[in-house]
Every structure is written in C-alpha cells, then in structure tokens.
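Chains as they are written, first to last, in our numbering: chain F, 24 to 303; chain S, -18 to 323; chain G, 128 to 482; chain C, 288 to 438.
Calculated directly from the structure, the hints in this document are not laboratory data.
We put the beta carbon where it would ideally sit given N, CA and C, even for glycine.
It cannot be assumed that every hint is accurate.
[Said to hold, decoys possible] Looking from chain S toward chain F, a few residues come up when the C-beta cut is under 7 Å (computed):
#1 Thr61
#2 Gln62
#3 Asp100
#4 Phe235
[To be verified] Using 20 Å as the maximum straight-line C-alpha spacing, the simulated PhoX-like pairs for lysine-lysine come out as follows:
#5 F:Lys297 - S:Lys96
#6 S:Lys244 - G:Lys398
#7 F:Lys300 - S:Lys244
#8 S:Lys96 - F:Lys25
#9 F:Lys297 - S:Lys290
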Amino acid sequence: MKNPYLPIPMVVKRTQIETADRMLRTLELGFLREEDEKAFRFVPGQFCELSLFGKGEAPFGIASSPTEKGSLKFTINRAGVVTTALHQITQGEEMGIRGPLGNSYPIELFQGKNVLVIGGGFAFTTLRSLIIYLLQPENRSKLKDITVIYGARNPGLLLYKEELADWQKRSDMKLVVTVDAGDKDWKGKVGLVPNVLEEVGPASENTYAVICGPPIMIKFTFPKLMTLKFPNERIYTSLEKRMKCGIGKCGRCNIGHLYVCKDGPVFSYEQLGKLPKDYY
Amino acid sequence: MSLKPATLSKKEFVSFLKQVMQTYDVIAPVELAEGVSAYRKIESPEEVSLTFHNTQKSAKEGFFPQSEVMFRYEKEGNRTQVTSTEEVDRPRLILASRPCDIQAFSLLDQVFSAKEYTDVYFLKKREMTTIVGFACNQPLSTCFCTSTGGGPFTREGSDIFLVDLGEVYWVEFLTEKGKALSKNEFLREASEGDAARAKKLEEEALKRMNVPVHLDGIETKLEQMLENPIWDGIHEKCLGCGACTFLCPTCHCFDIADEVSQKGGQRVRNWDTCLFSLYSMETSGHNPRPSGRERTRQRLMHKFNYFPKNFQKIACVGCGRCILYCPVNFDIRQAIREINEK
Amino acid sequence: MASSQEMVQQKIREKAKELLAKKEVDLVIGFGEGSLPLRATPIFVRTPEEADRLVWNSFCDNNLATYIHKLSRFKLGIVAKGCDARSIMALGLEKRFQPDRIVLIGVPCQRMVDRRKVKLHVHRTGLPGNVDIITESASLPAHKAGHPADLPAKKAVKGEILRAREEGDQLIVEGNDFSVSLKKDDFLYASCKACTHRNPIKANVVVRDRVDETPLTDPYAEAKEFERMSPEERWNFFERESSRCIRCYACREACPMCYCAECFVDSSAPKWLEKGVAPSDLEFYHIVRAYHQTGRCTGCGACERACPMNIRLTYMTQKLNQEVKDLFDFEAGTDPATLPPMATYKVEDKQEFIK
Amino acid sequence: MESVKTNNWEPKILAFLCNWCSYAGADLAGTSRIQYPSNIRVIRVPCSGRVNPLFIVKALQAGVDGVLVSGCHPGDCHYLTGNYVGRRKSATLKQFLEYLGVEEGRVQFSWVSAAEGVKFSQVVEEVTNDIRKLGPAKRLVKRSDEFGVRS
Chain F
24 MKNPYLPIPM VVKRTQIETA DRMLRTLELG FLREEDEKAF RFVPGQFCEL SLFGKGEAPF
84 GIASSPTEKG SLKFTINRAG VVTTALHQIT QGEEMGIRGP LGNSYPIELF QGKNVLVIGG
144 GFAFTTLRSL IIYLLQPENR SKLKDITVIY GARNPGLLLY KEELADWQKR SDMKLVVTVD
204 AGDKDWKGKV GLVPNVLEEV GPASENTYAV ICGPPIMIKF TFPKLMTLKF PNERIYTSLE
264 KRMKCGIGKC GRCNIGHLYV CKDGPVFSYE QLGKLPKDYY
Chain S
-18 MSLKPATLSK KEFVSFLKQV MQTYDVIAPV ELAEGVSAYR KIESPEEVSL TFHNTQKSAK
42 EGFFPQSEVM FRYEKEGNRT QVTSTEEVDR PRLILASRPC DIQAFSLLDQ VFSAKEYTDV
102 YFLKKREMTT IVGFACNQPL STCFCTSTGG GPFTREGSDI FLVDLGEVYW VEFLTEKGKA
162 LSKNEFLREA SEGDAARAKK LEEEALKRMN VPVHLDGIET KLEQMLENPI WDGIHEKCLG
222 CGACTFLCPT CHCFDIADEV SQKGGQRVRN WDTCLFSLYS METSGHNPRP SGRERTRQRL
282 MHKFNYFPKN FQKIACVGCG RCILYCPVNF DIRQAIREIN EK
Chain G
128 MASSQEMVQQ KIREKAKELL AKKEVDLVIG FGEGSLPLRA TPIFVRTPEE ADRLVWNSFC
188 DNNLATYIHK LSRFKLGIVA KGCDARSIMA LGLEKRFQPD RIVLIGVPCQ RMVDRRKVKL
248 HVHRTGLPGN VDIITESASL PAHKAGHPAD LPAKKAVKGE ILRAREEGDQ LIVEGNDFSV
308 SLKKDDFLYA SCKACTHRNP IKANVVVRDR VDETPLTDPY AEAKEFERMS PEERWNFFER
368 ESSRCIRCYA CREACPMCYC AECFVDSSAP KWLEKGVAPS DLEFYHIVRA YHQTGRCTGC
428 GACERACPMN IRLTYMTQKL NQEVKDLFDF EAGTDPATLP PMATYKVEDK QEFIK
Chain C
288 MESVKTNNWE PKILAFLCNW CSYAGADLAG TSRIQYPSNI RVIRVPCSGR VNPLFIVKAL
348 QAGVDGVLVS GCHPGDCHYL TGNYVGRRKS ATLKQFLEYL GVEEGRVQFS WVSAAEGVKF
408 SQVVEEVTND IRKLGPAKRL VKRSDEFGVR S
C-alpha cells in the first residue's frame, strides 16, 4: 500500500520574486530521488501539496509544464503560515511535495479546436503550464488558434514577464495582456478582462475556453462568454478551496458530492451548473 | 464451515481477556467518568466496562483516533529524516463494539479505501483488527439503527459476536479472523438453552425498535433542497460546536497539522468538523460556508445526499449519539422529519 | 388547578404574542418542548401564532443569551432566567447589542433540574440485561470523576428514562418498567443551588412573583469543596477532567460570554496550542477558557451543561467569581453601571503578592 | 532518573520585563556589575499590563519552571494605568493557577523601577531560589514526545 500522505523530498533549485509587491514568489523545485522524478507524471491543471516540516502543507497548482523537464515550478502568494514560510525558504533547502493531485485541463478535447485562455491575477499559474504545454511543437500542431487574455491590477503584478515577452513575439498564438490601471511606462492595454474579452471577441465555434482568476473576474467574464455563445460544456475553470489532504478524505473541499481536490480542481461550467452553489 | 457458538462466563471474563491480550492489543470501552465511556487501548482487563448503553465516543477511534501521528521527522542540517507511523505490528481487537458502530466501519472503509488513494493509516489498522460485536439487548429510544439498514443484533461486520445472557456471554464466531479466538480456554460449549435465550433477547430488542425514522428517498428529496428555506430554521438553535460530529461513528473529516518539538516534529491528523467556521475558512478570510445555515446544511447534506451519491449508502447508522449529547437538543430525527415533510 | 409553572408558561406566551403582534420585537427566543425527556430546547418564535410553542419547566437549562451574537441585527425578545438576564447585562456592558433592541421576558427561576444527575441515579443500579461484569472481580478507578458526590445514594430504578414530568416539588420519571417520584431539590444543578440571583435583573417584564434568593448551598460551594483538597489532588482532578475533552468546544459555544471573533485556540499565527488531544493542550485550553471569563462569568453553568463528556467546569469559573467578589467586590451582570473588573482598576487594589 | 537530573538541574525562568522600568532595572544591574542568577530569560514587553495571562500559561506549558512578571511601581506607569490593569490580571491568575494545583511560587510578580538594579538582582535571586526549591515544573508541561492520551 502506497502512503499518499508522505511527501516526496525536493530541493529548492531557484527562487524568483514575480511581482512588484513581492507577494508572489516562484519556487523551482528539483527531485532528490531519480525514481520520484520518473514516477511523477502530470498534466497541466494538476496541483501539489507543498510540504514544509514544522509548518504544514498548502496546495498549489503546478506552474511549469510537463514539457519543462527536470524541475517543477510553483508560484506562491504570501498569505498564511505556510505561504509565508515558502517565501522565506532559500535555494538549496529541502522540502516536500505531494502530488500530482487532482484532475487536469481536458487537453485531449482540444485536438483540432481553438483554445481561448483567460487569466487574471495570480490564478495564472496553471495557465502558464497549459500554454507552454500547448505551444510545444508536437502539441501545437494538433490545435488551431490559441488566444490568451491575461490581466492584472497593474503592470507590476503581472506574472512570468519573460514568458509573456516571448509569447508576445510568437506568430502561432495571440496574446493580449491588459492591466486595470497602467503606469507611466505601460504601453499595453488598459482595461478589465471582461471588457477586453468582448473587444477581442474570439469566435466560440470550435473553441474551448479555459478561465482562471479571482471570483470577481469570473463573475463578469462568464456572461461575456455567454454573449459570445460559448456553450457551458466548452468553458473550463479551476477552483480553489481550503484543502488539507488533497486526496478526497479529509472532507473540507467538497462542492456537493464532489471534492475539489480529487474530482477537480478543473470543472466545466456544465458540471458546475449541476452542483450546489456552494463554491463561492 | 462455521464454528459452534460458545459461552463465556462473566466470572471468567477477566481471565479470558488476559489470554486474548497475549496476542492482541485490545481496544475496549473504558469508563472515563461515571456514565461516560469511550474506546481505549487497555493495559489490563480490569479497565473494561461493559455497562454502557452506548459509549459517548464511538468505536471508530480504533481505526481513526481523534489525534493520530502520520509521521515523525527529524532535522539534521539540511536533511530531514521522515519516519512513517503507518505500520501496525500487533494484531488488534476491538472489544464490544455495538452493531451501529460496526456498520459505520463499513462506511468509513468506503471513504478511506476509495480507489484513487488508500488511507494507509486507517486500512492497516483495519486489516489487523478483529472486531468483537456486542448485541444491544436494550436499544435506547434514541436508537434508530433499524431505519438505517442495521439492527441491535446485526452481525454484519463482526468477526465475533457477543450477546449478554446475564451470567454468561453468548459467543458466535463469524469469520476466519474470529475463529482464531475460539481456542481460548475460557470458552465453553453453548447449550440449546443459551441459543434460545439469545434468540429471545434478539426478538425483544427488535420489538423495542418501534419508532422508524423515514430515510427512504431522502437522497432524492434533498437533491432539490439546497436552497430551500428549511435550512434557515433547522440550523437556528445549533451552537456550532462539534459534539455531534465528534461523537458520530460515521463522521470522518480531519485536519492535518505539524507539531514541532525540539529535535523535529510530527505531522498529525486531528478530527475536524464541518460545523466549525474555521473548517472551510480560506486564508484570505473568505468562507464559502459563512454561517450556521450553510454548515448545518453541509452536515445533513453530506450524511443524506452527498455520501449516498458517492457510496450508495447514507452516512448515518442511527446510533442516536448526536441526539443524546447535543447541548441544545438538536434532534436529527426531527430534521429528517422536516425534510420529509417539505 | 393550574400549577405556578403552567401560569408562568401562559404568561410567557401572552407576552411573546403581544411583543410580536405589536412588532416591538422581530423574534422571541425562548424554550420549546424538548424531543427527549428532561429536556427543553431553544426555539425562535417569529409570529404570535407560534408563541404557543413556548414552554416553561425545570428543564429550560440553556442560557439563551448566547444566541444574541448571531441575532443582534434583530430586535429580540428573550425569555430570561436570572442567569440569562445577568449574561445579557454583562454583554450589554461589553456593547454587544444596542440597549433598546432587547426585551427581556423575565422569569424568576425555580432552579433547573440536572438531567445527568437524574440519569445517573437511574443508571447506578446497572442496566437489566447488561449486568455489570467487571465490578465483582475488579473495581473501577477509585475516584469516579464527572459528577458531584452529592447524589442521593438510594437504589431506585433501572433502564432508560422515557418520560419525565413535574408535579409540585416532585419529578416523576418513568421508563418501560418503572415509575419513580424524585424530589426535585435533590437533582438540581450545582450552579442553580448556589445561585443568588434567581430573579432576572432589569427585565422589561416579569412573569411571576419574585422568588426568595437564599441559595441552597454556599454560593461558592463547589470552589470551596475543591479547595479542601491538596494542590496535588486538585491538579489530578483537573487533569483527569480535562483529559476527557474532545475539543468540540461546546463549552465555548454555549457560553454567552465566549464570542471572540477569533478564539485563541483557532489562531494559527501565533499558534498557541495544537489541535489534538494531548493532555497538556487540553489543560491549556481549559485554563485559558475559564480564565478568560474572569469578571465576566455569571455562573450560569452553561459550559458544564453543554459538555458531551460530562467534564466538570463550573468549579473553575466559580473560583474566578469568588476571587472577583473578594478582590473587587464585583458580580458580573448585576450592575449595569460598573465596568467589568478586568477592564478597570483601583489604585488601592491588593498587591501583597507583588515583590 | 529524575533525581539524577535534579542534581544538575537549573530552573529555567521566563521574565516578562516592562521596557520602561524593570528592563532598564535589569540593565542597570548589569552595568553596575551586580550579580544575579543566570536562570532568567527575558522577554521585553511595553508594559506589565501587556502581559496577557495566556502568555504565562503558555510559558508554563512550553516547559519553563517559573515565570516572573515585573513592571513599574504603582503610579509610575509610562502609560499611566497599565500596571494597575496588569495587577488585576496578575492577582486573579496567580490565585487561579494555585487553586488548580500549580505550585505557589511558579508564577511571581514584582515592581522594579529603572533605578532599582539592586532590587532587580534581589528579586531574581529570590524567585530563582523559590523555584529551585519547587523543583522542575511538571504540571501542565508539554512533553516533547507527548501525544494522545497520557497514560
């Protein structure tokens, strides 16, 4: 019997502060044991419990793509006890992870379709994983258009600036980055994600939409997707809930009879529509 | 091939148990204070007290203790040595668990062994444990196990089954695990008369279970009731303590926390309950279940709708503990009635 | 002939109807018929018609003031015994509600029956069919904690209590195979016996004549009894009682004075204690929970009554009440004008204990 | 085992010292080269009134053998009344802990001004001696291996 509560030992390979407010920090973790690395197979959208001995565990979406071998990336918003400690951990220190946990984005459904990715704030983590995965040549060839709309409150709060710059230059995808309020150096778009979506107006035919962001963004973006005639079964989102075990035992992350940790975190709006409105 | 039932004289109970304890760690009802009992690993047979209607804390503690170390860790420089505590080295025996609690074990099995992930802490104990069921000669008026698929003399799930016949216990061996105990030298062959007495007690006990609680179709009924105004009223007197859920044999929610000691520490899981606001509170301060209304609803929906959806059985075994010990007399039977009447 | 209690019940209903009909309150919190013998249950009455569900008997043992916190946005009518009224006044001093938004339907209290004492009395002779097997060959732990030693010792009845009713000063308790009449006074809560404020203070309306407030025991009887033990015995007692704690926090939730937005046990930073059942954590919880009531506890006993594990708690709070009375001449919830003692000071406060 | 330990045992005492008086008093004792036992570990607090009784109980649980709370003399509080309010907490907590069976002397209180380096050393001396007599704290102390039901 495998013990799903025992963390896999990892080492911090690199750390990076992502945002101007220093609240978001990306950890790049490497495996300490080769067998763990071999066994660790994941798909974008899955998450891990990051485990710090003496502090506890907290769940984070995997921000790196399965195509980026050798390490895993997690971006951590400093909020509570565990996340504060994760902001203090330094390169070379050891820690643990449990995972990969949960389901993933329905990548197999995307074959031959357009993909629209809408992200807001620091919920962009697993979307980074998804985008990089989809852009890998072998995967890219199976897809039609890729459109990414990403918004943050201000330019300083945008994540993954290197990747954004890279994607901006690519011809095989369309990236629209927007901020709620620009600053003197900001040359890009200013506007809220729902409005930018309307402006970009991607076709809903043959398109899957993946949307992750703060509840307020989701609340206003969803109706716009409706206006654009996206059917519920082709809109996916990733939910967040307080979690502990990550494997559907400890109870707290349920929405109706489903557990966000085990049956999610990715749900289609069709699924959510059938569940109790207990998730916001 | 089933073994013949035996009897055990109460005068020899202590000697019987001493012999059992040579092989097994025994977890048995212990009276913690007068009228208050719970299952504890015993050090001597004298600790056992079988004079309860039902214990306050349920026998689930035998597999799922209120606090349980999952692993210990020790830090040496940059390295951390982790030692899991999942292994169970000695066979265990849960003595005198009421049939309701035993029925609950089978529900907990579903959760902890659910296919994707196995909860080794629960399952290893479960595998290593022999269960001695204990018939309820005198079900209480708050008992409704016959409405939840059980009964005061239900043998299902027991490896051995005891009936209190007054001077002696009637002992049935139901499984291979149970038969291992049949060689205990203090067991005597049962007589026809003993069998008749056990049968009579069973009939009498069943007769006492005369107030059914209607649970047929409750899952479907609740399906449409998430936003029903019924929840505004049902929760109102609930104080939001965890007494009902902590005493409940089927409740199984837990929290995981690290406890630090000087050299290292341990990762521990502790029972938790959906009735605490902290249970679903997110770090941001946002709580998807902000008030007693949502939390009480969660408790009842989980028992009677969500759990059956996942495991085809309701998560209630009719033991009546939540009714007996609620500080404000929240009666789950009344809640069920109200739901049915909607 | 209607008993005095029935008349009280009638008056409570009338008053509740009137308050609701005139819309002077949005709801009345009172007691309804319990689903179990020896019990009443809190109910929330919103229409005059529903007011007939209100009952009054010697099982109305909850302190209803604890519901104020989640209902303070409404105009409330509250059926209040002496202790409930004290809690409400104490909460008023702590500004937990707008003074003009609570109407007290005061009930001078006849003292409440401790259902556990009644049950234990019945239980003590053992259950038919489940005859005690152990006590003959070995004895239970010498000191059986959990209940005061002042129970009537006579052997009475067996089995489960199915019905209970009051007749004057008697309590008629019945099961399938027994019916017994008990003297109510022998089965009262210790906190009720010690109570010196049975008449609700500052009630807007009082539904029965004043009762004589002479207590049946010393007002600090439990504390004094406890203090007769040696420090070692006292600690052992405390340790044993705390060890049964299951961290359900029924004591905290039942207490009207426990309303911190974040209780110290729930704080994660700093984490004052672990969430498990390690004995020292349980002891830590019980010391701080009780101590936090210093100068605020009204001695209602709600904490102890709520405990599903029968942990004795009021011997602790009673001691704190005694300290506060001795040192600061204060009794919580009896004086609407004086600040709680821990929120103020006097220059001449005792300080011999300070080096 | 216990007695062997007791031979080399030195009490660990946690002292909550008011920043404005006792802490400076301790400083003065130090700069004046007045000797006092090294058994105390100091936590500087803004006022003796800041000492939440919870801190004291927590300290005992964490395994200190004694606690000293020291603040300004009556009338000298930097915040005018903090020490008066603290005094009430101290009085009630001390009695309560002793009532529950915590040994008298485990938790002590003093007034020490910034000018009283000598008094500070005397207080620490006395408190240390008292606690040494009491022996290692056992009640309420969380053992590092403690878990579940204490047998």
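Each hint, compared with the structure:
1. Annotation: interface hint on threonine 61 (chain S) holds; nearest CB of chain F at approximately 5 Å, less than 7 Å.
2. Against a cut-off of 7 Å between C-beta atoms, the interface hint on glutamine 62 (chain S) is violated, since the closest Cβ of chain F lies about 10 Å away.
3. The restraint placing aspartate 100 (chain S) at the interface with chain F holds, with a minimum CB-CB distance near 6 Å, inside the 7 Å limit.
4. The interface hint given for phenylalanine 235 (chain S) is met, as the beta carbon of that residue sits about 5 Å from the closest beta carbon of chain F, less than 7 Å.
5. At most 20 Å may separate the alpha-carbon atoms for a hinted pair to count; lysine 297 (chain F) and lysine 96 (chain S) exceed this at roughly 24 Å.
6. For the given pair, lysine 244 (chain S) sits about 19 Å from lysine 398 (chain G) by alpha-carbon distance, which is consistent with the 20 Å threshold.
7. In summary, the hint linking lysine 300 (chain F) to lysine 244 (chain S) is not supported, as the alpha carbons are separated by about 46 Å, beyond the 20 Å threshold.
8. Using a Cα cut-off of 20 Å, the hinted pair lysine 96 (chain S) and lysine 25 (chain F) holds, with the two alpha carbons roughly 12 Å apart.
9. Between lysine 297 (chain F) and lysine 290 (chain S) the alpha-carbon distance is near 13 Å, which keeps this suggested pair within the 20 Å criterion.
The structure does not agree with the numbered hints 2, 5 and 7 stated previously, though it agrees with the rest.
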